[in-house]
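> Single-letter residue listing:
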Amino acid sequence: MALDQSFVGRSYPPTDPYEVGREKIREFAVAVGDANPAYADPEAAKALGHPDVLAPPTFVFAITFKAAGLVIEDPQLGLDYSRVVHGDQKFAYTRPVYAGDRLTVTSTIENIKSLAGNDILDIRGEVHDAAGEHVVTAWTKLVARAAEPAAEGA
Amino acid sequence: MTAKIAYADVEVGTELPAQTFPVTRATLVRYAGASGDFNPIHWNEKFAVEVGLPDVIAHGMFTMAEAIRVVTDWAGDPAAVVEYGVRFTKPVVVPNDDKGATIEVSAKVAALLDDQQVRVDLLAKSGDQKVLGMSRAVVRLA
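One line per chain: the protein sequences are A and B, in this order. Residues 6 to 159 in the working numbering are what the first sequence spells out, letter by letter. Residues 5 to 146 in the working numbering are what the second sequence spells out, letter by letter.
The shape of chain A in the complex, shown without the other chains (with noise of 0.2 Å):
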């Protein structure tokens, strides 16, 4: 059944904050087998002119795709869960995320389209700072999939 369109543009109330950990980021570098060393040395993040480790760019999914849960589940929306599959992915960095860092994230639907029988929702969440500033926007494309057996995406 094709998602109600009406839903466009809708917000959701923003997260409580997520402390973003030295020890997770360090932890997501290892998982993703890189050694540089600005996302577990603080000497080495601020020799390049960071106040503490950064993390790898796409650290910040983890938050802003939980976030993203209060779309997934809305019930009103009624999305099907177990057809979806991640189509598209991208991020707009005002600055990186950082150790000690306690973002929030507020979701809005950016757009809702019906492609034969394929749901696409496009959700924007926009990520802040404890002091209201911008930190960065992930743009998630979800392809929800015909009820036809299918084996695309990741």
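Hints listed in this document are in silico derivations from the structure and should not be mistaken for laboratory results. Any given hint might turn out to be false.
[As the list claims (entries may be wrong)] Under the rule of at most 25 Å between Cα atoms (straight-line distance), these lysine-lysine pairs were calculated in the BS3-like manner:
1) B:94 <-> B:112
2) B:94 <-> B:134
3) A:118 <-> A:51
4) A:118 <-> A:29
5) B:103 <-> B:134
6) B:94 <-> A:118
7) A:29 <-> A:95
8) A:71 <-> B:94
9) B:103 <-> A:95
10) B:8 <-> B:112
11) A:29 <-> A:71
12) B:50 <-> B:94
13) A:95 <-> A:118
14) B:129 <-> A:146
15) B:129 <-> B:94
16) B:134 <-> A:95
17) B:112 <-> A:95
18) A:95 <-> A:71
19) B:112 <-> B:134
20) A:29 <-> A:51
21) A:118 <-> A:71
22) B:129 <-> B:103
23) A:146 <-> B:94
24) B:94 <-> A:95
25) B:50 <-> B:103
26) B:129 <-> A:51
27) A:146 <-> B:103
28) B:129 <-> B:112
29) A:118 <-> A:146
[As the list claims (entries may be wrong)] If you want the footprint, here are the derived chain A segments under chain B, 3+ residues with CB under 8 Å:
30) 36-45
31) 56-64
32) 97-104
The beta-carbon is built from N, C-alpha and C at its ideal position, and this holds for glycine as well.
Put chain B on the given structure of chain A with help from the hints.
Chain B alone, transformed into the frame defined by chain A:
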């Protein structure tokens, strides 16, 4: 922000050093824990096959994280990345053997922009499949 590559030293067509990233089942389990994405298609073969996949597949976000390393290693400071976007075109299939799969990433400067910025286009393949499409980063150089 302290990129080690100068804007003046690159031109359209400048190639970044390509890299190959291995991915095994163990890699995916570790990434699941670090990212909080425990979708069973990334570690449970039985489940993956039941939902129509050929086998366990890598997290799209894992592939996205690997691909940008070609840019961050080149630029030196990861904060040089001001925009980064991809389309997930094909899954990276990860068999349950000692070798797993590999993700091969190449990249080149595709456009010179204002404000010391360049657009870098990335190509990510696994085997003979292109796994990321429209894969682009905007990078601020020194």
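> Please go over all the hints and tell whether each is borne out by the structure.
Hint by hint, here is what the structure shows:
no.: 1; hint: B:94 <-> B:112; result: 21 Å, holds
no.: 2; hint: B:94 <-> B:134; result: 7 Å, holds
no.: 3; hint: A:118 <-> A:51; result: 45 Å, violated
no.: 4; hint: A:118 <-> A:29; result: 36 Å, violated
no.: 5; hint: B:103 <-> B:134; result: 20 Å, holds
no.: 6; hint: B:94 <-> A:118; result: 21 Å, holds
no.: 7; hint: A:29 <-> A:95; result: 22 Å, holds
no.: 8; hint: A:71 <-> B:94; result: 24 Å, holds
no.: 9; hint: B:103 <-> A:95; result: 30 Å, violated
no.: 10; hint: B:8 <-> B:112; result: 16 Å, holds
no.: 11; hint: A:29 <-> A:71; result: 16 Å, holds
no.: 12; hint: B:50 <-> B:94; result: 20 Å, holds
no.: 13; hint: A:95 <-> A:118; result: 18 Å, holds
no.: 14; hint: B:129 <-> A:146; result: 21 Å, holds
no.: 15; hint: B:129 <-> B:94; result: 9 Å, holds
no.: 16; hint: B:134 <-> A:95; result: 18 Å, holds
no.: 17; hint: B:112 <-> A:95; result: 19 Å, holds
no.: 18; hint: A:95 <-> A:71; result: 16 Å, holds
no.: 19; hint: B:112 <-> B:134; result: 16 Å, holds
no.: 20; hint: A:29 <-> A:51; result: 19 Å, holds
no.: 21; hint: A:118 <-> A:71; result: 22 Å, holds
no.: 22; hint: B:129 <-> B:103; result: 16 Å, holds
no.: 23; hint: A:146 <-> B:94; result: 15 Å, holds
no.: 24; hint: B:94 <-> A:95; result: 17 Å, holds
no.: 25; hint: B:50 <-> B:103; result: 20 Å, holds
no.: 26; hint: B:129 <-> A:51; result: 35 Å, violated
no.: 27; hint: A:146 <-> B:103; result: 31 Å, violated
no.: 28; hint: B:129 <-> B:112; result: 15 Å, holds
no.: 29; hint: A:118 <-> A:146; result: 11 Å, holds
no.: 30; hint: 36-45; result: holds (count 7)
no.: 31; hint: 56-64; result: holds (count 4)
no.: 32; hint: 97-104; result: holds (count 4)
The earlier numbered hints that this structure contradicts are 3, 4, 9, 26, 27.
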